[in-house]
Amino acid sequence: MPIILLLSGIAALLILALLALFLSGRSSATSVVYGGGLLLSLGLLGVGAQHLLGNTAPLELSLPLGLPWIGAHFRLDALSAFFVVIVNLGAAVSCLYGLGYGQHAEDPSRVRPFVPAFVAGMNLVLLAADAFTFLLSWEFMSLASWALVVAAHRDPRSLRAGYIYALMASLGTFALLLAFGLLAGPNGSYAFAAMRAAHFTPAVGALVLCLVVLGAGSKAGLVPLHVWLPEAHPAAPSHVSALMSGVMTKVAVYAVIRIVFDLLGPPHWWWGVVLLALGGASALMGILYALFDADQKRVLAFSTIENVGFIFVALGLALAFRADGFQAAAALALTAALFHVFNHSILKGLLFFGTGAVQHATGTRDMERLGGLIHRMPVTAFCVLVGCVGIAALPPLNAFASEWLTFQAILLSPSLPQWGLKLLVPAVGALLALAVTLAAACFVRFFGTSFLGRPRSEAACGAEETDVFSRAAMLFLAGVAVLAGLLPGVVIDALGPVSSSLIGHQMPVQTSQPWLSIVPIAASRSSYNGLLVFIFIAMSAGIVASTIHVFASRRVRRAPAWDCGFADPNPALQYSASSFSEPIRRVFGPLLFLARTEVEIPPPGSMGPARLRVHLEDVIWQRLYMPVTGLVAGIADRLNVFQFLTIRRYLSLVFLALVSLLLVLAIWS
Amino acid sequence: MHGIAFDVAHLLAGCLVLVSFLMLYQDRLYSLLNTYALHAMVLFLSVAWQAYIQNAPHLYVTAGIALLFKAIIIPVALHRMIVKLGIHREIETVVGTGPTMLAGMGLVGLSLVVMLHAAAGADLMAREDLAFALSVILLGLLIMVTRRNAVSQVVGFMSLENGLILAAAGAKGMPLVVEMSVAFSILIAFIVIGIFLFRIRERFDTVDVQALDRFRGERQ
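Order-wise, the sequence lines are chains A and B. Position 267, counted from 1, in the first sequence is what this note's numbering calls 276; the numbers after and before it change by one each time, with no gaps. Position 80, counted from 1, in the second sequence is what this note's numbering calls 1137; the numbers after and before it change by one each time, with no gaps.
Any given hint could turn out to be false.
[As the list claims (entries may be wrong)] Distance windows between CB atoms, simulated:
1) A:Tyr659 - B:Thr1154: 50 to 60 Å
2) B:Leu1173 - A:Met635: 21 to 31 Å
3) A:Leu674 - B:Pro1156: 58 to 68 Å
4) A:Leu665 - B:Leu1173: 15 to 25 Å
5) A:Leu665 - B:Thr1154: 18 to 28 Å
6) B:Leu1173 - A:Ser669: 12 to 22 Å
7) A:Tyr659 - B:His1136: 21 to 31 Å
8) B:His1136 - A:Ser669: 35 to 45 Å
9) B:Pro1114 - A:Val650: 21 to 31 Å
10) A:Ala206 - B:His1067: 55 to 65 Å
11) A:Gly643 - B:Leu1173: 53 to 63 Å
[Said to hold, decoys possible] Examples of chain A residues lying across from chain B (beta carbon under 8 Å, computed):
12) Leu51
13) Gly52
14) Ser661
15) Leu672
What the hints contain is simulated information worked out from the structure, not anything from laboratory work. Even for Gly, the Cβ is constructed at its ideal location relative to N, Cα and C.
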């Protein structure tokens, strides 16, 4: 029954998408589409949550759709149900935000029809239980999101982003197609149930793993397949960016978990190495990119790469532990990964909504032109602050809990028997620790430059608070983030069925622990209590603040500040986003970004300004993608000759091809 | 295998290959057309012989089509076309006769090697027949490739099609419908090509396909 409800909800979303096409001229279209989307997503969310928390057996359904000899198979198990919750929570809040934001978006009729279609596509991917349905829904999801990326089709940057995205998405789907081809085997058994029952040789397993990492990893944004992500996610309208960054990357994570943990059978220990290495590299590179960018939405997109890296590290750990038979540790790592999936989808949605509000209020996303918004947009500033604290993984918010769990799993790695893992896992742990600290710096910079200080432009000066729907969406997400941070045990217990269905083991029940602590392995080893930390922080901060107010405020005198010799400092002289990241750029820039600094000092006597120019280049784009594009363009140029041959030459080509094939046949036998 | 039946079939198929070789070095259009008529005549004899030894009356129909259309109507029509176009005096040499003949021999050798290997399990006669048919097809392609005049390219195409008919007649149990449809498609192709020839001529005052290439302004 729940699966029929889910499928009819998806069908209703598709009908809503069609309705949006017909309504495109009406003024009520925004309310109808986003209101309908909100209600439908809430319904889907309810069904998914009920199945996940009810801990019921997997449900299956096959419909006579699609290819006639296969049909369309659907399955709802704990893993699907968890991701249905993630997707529809994100979708519902996005629709709520869209109720306000969609009113004042430019050219909304190019966005509205695709939002419900995109949500429907993501839901279908989660329910699909055969390769054909899966790939069809996957491609539908990609196409709908592509249409949203190029919604602002008059901006050449969005067109370029759409082009790169289309290329990378086709590459990814192609890799997944090959992976499913290998999984289906020579008999062409495309149903997931048949794949689950089959046994694969190590070579096939390795090949499938690599193809899945290529296919789903490119959608999730793993380095070095991430190039499309920082272009495409910011190009879409903000509520769609939130969906793409917060939710669609999670659907890609779902694909990896479904294929690698569920369909591919028992893992080998080195499979974990692949995920660990790529995840560690993504975490570090993603946050470094984020630190050097001044565009708010690009910073968030790069931070998504970092978080996806984090999730993949946890998945790699789970694979490695599972291969070596440490089921409890594997359950811990997998739960950490899923918990982080939840946290990141909440926080990234919140932050993208915040940037959308700022962009609407000021017309810019450039941090160097913002500032002082905390006085003009207090609610948005508070919500973004919660998001920043959360995504920087500070206690007592939710991302701290999941990252802490990941580090607990990393600390268990010395018990692994393979020396490769024993050496690699601590190294990756160090990379993650570095990434987390850099993330904290990145989001201090993000919040500080945009919301604190003095406005750096007229637009920032005249900003106004955003509309009530947007505020409601942000406050709701901030509330969820705080609650999940204070009561992580509830979320961990909800994830139990997922981990027990995939690994056959689950983390100990947390809600029965005294004082709402979470104890991943044993109380003697480690425990964390978000509520106590929160109470401690609140009390100590309160005491310090009241002490200062009581004992120091009365002594404050207003007087001219010492102004370093500048009578009226321009707001542009404040500490800026690029000056904040300068020390970090000095360390990492020359190696990873080919950074060059040019200083132009005017000659003595000239009144011209001195200039400092910093050139950063994406080393992955330069060293990995440019040679490939150069090669393709070169080959295409050479082959272009064949378009302009004479008829006789074409005939000769056909003739030569025939003769050479016959020759091969003659020599072969 | 009846000795005489096999020998005659072998002889006629071999004659078809020989006539293909004759066509390879005809550099005047009239003589090329006459050789093509001879080619179709040999095909008629070969198919009729197959009909006789296979005891398949429908192959007589095929043979009749070959005689009527390919040996009489198409050569006469092309003859008149050449007179109308006024190109009966033209001489065309793209590749010299010697290299062309050598290439043709190589192709016949290749098709024999391929077919004798590929059809090793088949009936002896079908095998020989297929080998000769493939030779005729390859030689027809070679004629098309080495000619520049559109009319002689059409003739090369027709001789290629004769090779297909030979292969079809040798394989027992080929339904008549298939042969009929092949024959008609060839006829239609002939008509279309003929019309095109006149249109090309109207536009460019020549049927030398190089003129078309020059007109496109592209590299040779």
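ask   = Between A:Tyr659 and B:Thr1154, is the Cβ distance one that fits in 50 to 60 Å?
value = Violated, since A:Tyr659 and B:Thr1154 (Cβ atoms, about 24 Å apart) do not stay within the stated range.
inquiry  = Let's test the interface hint: is any C-beta of chain B closer than 8 Å to that of A:Leu51?
reply    = 63 Å, violated
ask   = Between B:His1136 and A:Ser669, does the C-beta distance stay in 35 to 45 Å?
value = 37 Å, holds
query = CB of A:Gly643 to CB of B:Leu1173, is that within 53 to 63 Å?
reply = 44 Å, violated
ask   = Is the hinted range of 21 to 31 Å satisfied by the C-beta distance from B:Leu1173 to A:Met635?
value = With a Cβ separation near 53 Å, B:Leu1173 and A:Met635 fall outside 21 to 31 Å, so the hint is violated.
request  = Kindly confirm whether 58 to 68 Å is satisfied by the beta carbon distance between A:Leu674 and B:Pro1156.
outcome  = Given a distance of about 24 Å, which is not inside 58 to 68 Å, the answer is violated.
ask   = Once the shortest beta carbon distance from A:Gly52 to chain B is found, is it less than 8 Å?
value = At about 59 Å, which exceeds the 8 Å cut-off, the nearest Cβ of chain B leaves the hint on A:Gly52 violated.
ask   = Does A:Leu672 pass the interface hint, meaning its C-beta sits closer than 8 Å to a C-beta of chain B?
value = Hint holds; A:Leu672 Cβ to chain B Cβ min 7 Å, cut 8 Å.
Outcome for the supplied range 21 to 31 Å, where the beta carbon pair is B:Pro1114 and A:Val650 = 53 Å, violated
query = Do the beta carbons of B:Leu1173 and A:Ser669 sit within 12 to 22 Å of each other?
reply = 19 Å, holds
message = Looking only at beta-carbon atoms, does the pair A:Leu665, B:Leu1173 fall within the given range of 15 to 25 Å?
response = Since the Cβ atoms of A:Leu665 and B:Leu1173 sit about 23 Å apart, the hinted range of 15 to 25 Å holds.
inquiry  = Range first: 18 to 28 Å. Now tell me if the beta carbons of A:Leu665 and B:Thr1154 are that far apart.
reply    = At roughly 21 Å between Cβ atoms, B:Thr1154 and A:Leu665 fall inside 18 to 28 Å, so the hint holds.
Hints 1, 2, 3, 9, 11, 12, 13 from the list above are not met by this structure, while the remaining hints are.
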